[in-house]
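S.K.: Residue 1 is where the sequence shown starts when you use my numbering, and the numbers rise one by one after that.
Simulated from the structure, these hints should not be mistaken for lab results.
Honestly, I wouldn't trust all of these hints.
[Claimed, not checked] Here are the simulated BS3-like pairs of lysine-lysine, each with C-alpha atoms no more than 27 Å apart in a straight line:
| no. | residue 1 | residue 2 |
| --- | --- | --- |
| 1 | K18 | K33 |
| 2 | K18 | K8 |
| 3 | K139 | K18 |
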Amino acid sequence: MLDPQATKAPPSLLYMVKQVELVVRSHLDELVKPSGITALQYTALTVLQRHDGLSAAQLARDSFVTAQSIADLVRSLESRGLVRRERNPRNRRELLILLTDAGRELLARYEGSVRELEERMVRDLTAHQTEQLRQALTKAWHALS
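Make a model of the complete structure from these sequences and hints.
M.R.: Written out as structure tokens, the structure reads:
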């Protein structure tokens, strides 16, 4: 008799990627909760750390949120003094979003804990497998972008 479990297809990659994203977001939310920010806000701050002075549209794209929700996110971060907005000197109609010193300090405070979370996520992988995962995820992202 055939084992019904043996004939089941493995979960789709889309499903597995979403599972990882949800568990990472949950852990990240718990990690940064004491600072009064969310995982999405933390992500936006890390985007600004790498590319400071983005427009709201650019920040939304790079932070994986909609253009509509980025306004509330930026307003919240601005009210906490973690980001500031200033006019783009090349396009006076556009506001650029910049990380403040307080935003940099918050990121520095969580750098070790976030690194530990990432290390925990890949602890059963070799360094080579971790790099292969990074490359595969990058290729998958580019294929859909």
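S.K.: Confirm or reject each hint.
M.R.: Here is what the structure says about each hint:
no. : hint       : verdict
1   : K18 - K33  : holds (22 Å)
2   : K18 - K8   : holds (20 Å)
3   : K139 - K18 : holds (17 Å)
The earlier numbered hints are all upheld by this structure, with none contradicted.
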